[in-house]
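Number of protein chains: 2
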Amino acid sequence: MRESDLLRHIYTRSDDLAAAFGDVLVGPGDDAAVVRTSSGDRLVITVDQLVEGRHYDPATDLDLVARKAIARSVSDIAAMGAIPAFGLATGLIPRGYADADDLFDAMAKWARHWNCPLIGGDIAFAGEGQPLSMTTTVIGKLDPAANPTLRSNARPGDELWLTGQVGGSFASGWHLRFDPRLAAGLEASKLPRAAAIDLSDGLGRDAARVAVASNVILEIEAAKLPISHRAKSWRDACADGEDYELLLALPPRPPEAKAPPINTAPTLIGPVGQVRALHPGESPTATITDPHGSTHDAQSLGWDHE
Amino acid sequence: MRESDLLRHIYTRSDDLAAAFGDVLVGPGDDAAVVRTSSGDRLVITVDQLVEGRHYDPATDLDLVARKAIARSVSDIAAMGAIPAFGLATGLIPRGYADADDLFDAMAKWARHWNCPLIGGDIAFAGEGQPLSMTTTVIGKLDPAANPTLRSNARPGDELWLTGQVGGSFASGWHLRFDPRLAAGLEASKLPRAAAIDLSDGLGRDAARVAVASNVILEIEAAKLPISHRAKSWRDACADGEDYELLLALPPRPPEAKAPPINTAPTLIGPVGQVRALHPGESPTATITDPHGSTHDAQSLGWDHE
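If you're matching them up, the sequences are chains A and B in order.
Sequential numbering from 1 applies to the first sequence in my numbering.
Sequential numbering from 1 applies to the second sequence in my numbering.
Source of the hints: derived by calculation from the structure; they are not laboratory data.
Please read all numbers here as calculations on a predicted model, not as lab measurements.
Among these hints, one or two may not hold up.
Since copy identity is lost for identical chains, a pair holds within one copy or between any two.
No farther apart than 25 Å at their CA atoms in a straight line, the calculated lysine to any residue pairs in the SDA-like style are these [claimed, not checked]:
1) Lys190 / Pro254
2) Lys190 / Ile83
3) Lys109 / Leu7
4) Lys258 / Asp41
5) Lys232 / Asp179
6) Lys190 / Asp23
7) Lys141 / Asp41
8) Lys109 / Asp5
9) Lys109 / Leu17
10) Lys109 / Thr37
11) Lys141 / Gly40
12) Lys109 / Asp16
13) Lys109 / Ser38
14) Lys141 / Leu25
15) Lys109 / Ala20
16) Lys141 / Arg36
17) Lys190 / Gly40
18) Lys109 / Arg2
Please model the entire structure based on the sequences and the hints provided.
Listed below in structure tokens is the structure:
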């Protein structure tokens with residue numbers, strides 16, 4: 001069974017969650033869940049795994065492994081427009097692994113760096129030769145005035161923006177060194193409505209997820225994309241994955257506006273496309289128009305882990 | 001490096017956490033962390049791993065595997081006197097594993113059973129033949145009037161109580177079928193002060209943890225322990241582990257009192273011992289006096305995973 005099938009089943013099973021549990025505002029299926037505490041505070045919660053040989057090369061510097069383990073979850077918090085507050089980490093450590101203490105030390109350091117100190121965790125030991133694997137749970141806070149930047153918030157007429165370039169993340173090492181786009185998410189959450197997703201499985205597939213969640217078409221123009229010089233083609237750039245940039249769908253600017261609708265560092269790039277309504281009989285998806293004017297289904301690009 | 005050494009390093013590194021991050025009320029080292037949200041709500045958070053071949057036999061029924069994956073974390077919430085509210089689960093699934101969908105379905109079911117529905121998670125795939133492993137994060141709520149039942153809350157003169165019997169958990173299958181002692185934890189949290197720990201590594205070692213956290217001596221009397229008929233001896237019963245009962249240190253009752261100091265189902269068993277102050281030069285630990293009157297250091301019993 002592929003990851004996408006498994007996830008679809010999980011989301012279907014969770015459809016009634018918000019109705020059955022009133023404090024669950026957003027359940028499985030977005031970058032993170034949103035819950036409400038007794039006094040009405042809203043928290044954003046996510047968990048991610050990082051597996052040796054799958055998400056990083058075994059020869060990778062330990063500090064960068066720890067960095068990525070924390071940063072992936074922080075990026076999910078950014079994609080909801082929230083602020084990291086607390087973290088928890090687990091390690092499944094192969095017997096004989098000599099660096100466990102340094103690894104946890106480095107994870108604790110990076111968690112503090114992003115203001116989500118590790119308040120708990122768990123250690124277990126696996127057989128010799130088995131891959132090291134970690135999980136990171138991060139809990140973020142939403143400002144009382146914030147509007148979480150849900151995948152389902154894109155509307156026809158919105159413009160599409162990126163926080164940085166896409167493609168070539170493995171070749172450049174960016175997949176280990178990325179900066180979660182907390183400032184951009186936070187600024188977007190101050191708008192009355194914005195949609196965001198962090199790009200982990202490739203712009204094509206992740207844009208399609210926003211389209212499905214919002215029941216719209218996302219139209220991306222390849223010629224407008226900020227493509228890494230390390231990507232071989234626009235197609236590779238949309239499929240490589242692990243960009244950890246945010247794709248944002250933001251309400252259109254007034255006709256005379258030149259600057260992006262939110263002011264954040266680094267400056268948003270775009271618009272790289274727009275959102276339109278479904279035609280009768282059409283299914284939600286993302287499309288990418290290549291520099292020659294041909295349109296491609298974005299959903300067929302990108303990673304589906306199996 | 002042994003688990004206990006690793007954990008000691010982690011706790012030492014985390015010593016300044018509550019001072020550096022004001023919303024961290026209890027950091028690593030108790031059954032769960034306690035944090036404060038912006039409006040002052042208190043949450044209790046824990047994460048645990050469950051690894052095939054380590055925490056359960058590969059032939060174990062899938063539903064019981066899922067049950068244990070959730071119940072272990074719920075038990076940590078119980079040991080803090082909190083109420084489960086939200087859950088997240090991850091799975092590291094060996095390639096070719098056919099039951100991933102059923103596994104997540106069963107985890108979702110048990111999470112709802114204990115009122116901490118799965119609001120998020122993550123799936124990754126491991127190589128064929130590698131052990132299945134899961135993590136469960138559970139977030140609990142503390143009532144505004146509750147006093148979390150910290151390991152550090154035991155005081156000289158307290159009586160020691162158990163929520164059920166110890167020993168023989170693997171032989172009986174109790175380690176798969178235990179009921180997290182939420183009611184007992186909740187009742188204890190209504191007292192002005194109570195200490196609790198959930199027994200995962202054996203009564204001996206876990207009692208010593210309470211002693212160290214509280215800087216006292218816990219004196220347990222073997223003859224008063226409710227020992228499973230499946231345990232070969234009091235010594236085995238204190239070392240087997242995975243009882244998932246709570247050990248509670250509760251203020252002494254008035255001299256004429258017959259009943260336990262809190263009324264909960266199942267009825268507390270005890271007192272099985274008492275808490276005393278350190279003598280000059282003495283280090284905190286737990287002791288177990290055997291039926292012949294000899295006293296043993298409890299810390300040397302029980303599990304230290306390596």
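Each hint, compared with the structure:
Taking the shortest Cα distances, Lys190 and Pro254 sit within 25 Å of each other inside one copy (18 Å), while across copies they are farther apart (58 Å). Only within a single protomer do Lys190 and Ile83 lie at most 25 Å apart by alpha-carbon distance; the minimum there is 13 Å, versus 33 Å between protomers. Taking identical chains as interchangeable, the C-alpha atoms of Lys109 and Leu7 lie at most 25 Å apart only when they sit on different chains, with a minimum of 16 Å there against 32 Å within one chain. In the homo-oligomer, the alpha carbons of Lys258 and Asp41 never lie at most 25 Å apart, since the shortest distance is 36 Å inside one protomer and 44 Å across protomers.
For the homomeric pair Lys232 and Asp179, the shortest alpha-carbon distance inside one copy (23 Å) is at most 25 Å, but the shortest distance between copies (56 Å) is not. For the identical chains of this complex, Lys190 and Asp23 are neighbours both inside a copy (22 Å) and across copies (24 Å), given an alpha-carbon limit of 25 Å. In this homomeric assembly, Lys141 and Asp41 come within 25 Å of each other (Cα to Cα) both inside a single copy, at 8 Å, and across copies, at 13 Å. With identical chains, the CA atoms of Lys109 and Asp5 are at most 25 Å apart between copies only, with a shortest distance of 19 Å across copies and 36 Å within one.
In this assembly of identical chains, the alpha carbons of Lys109 and Leu17 lie at most 25 Å apart only when taken from different copies (12 Å versus 35 Å within one copy). In this assembly of identical chains, Lys109 and Thr37 lie within 25 Å of each other by CA distance solely across copies; the values are 22 Å between and 28 Å within a copy. Proximity of Lys141 to Gly40 under the C-alpha cut-off of 25 Å is found in both arrangements, the shortest distances being 12 Å within a copy and 13 Å between copies. Taking identical chains as interchangeable, the C-alpha atoms of Lys109 and Asp16 lie at most 25 Å apart only when they sit on different chains, with a minimum of 13 Å there against 38 Å within one chain.
In this homomeric assembly, Lys109 and Ser38 come within 25 Å of each other (Cα to Cα) only across copies, at 24 Å, whereas the closest approach inside a single copy is 31 Å. With identical chains, the CA atoms of Lys141 and Leu25 are at most 25 Å apart both within one copy (14 Å) and between copies (16 Å). Taking the closest pair of Cα atoms, Lys109 and Ala20 come within 25 Å of each other only across two copies (13 Å); inside a single copy the shortest separation is 38 Å, beyond that limit. Proximity of Lys141 and Arg36 under a CA criterion of 25 Å is satisfied in both settings, with 10 Å inside one chain copy and 11 Å between copies.
Taking the shortest Cα distances, Lys190 and Gly40 sit within 25 Å of each other both inside one copy (18 Å) and across copies (23 Å). Taking the shortest alpha-carbon separations for Lys109 and Arg2, only the inter-copy value of 22 Å comes in at or below 25 Å, while the best intra-copy value is 35 Å.
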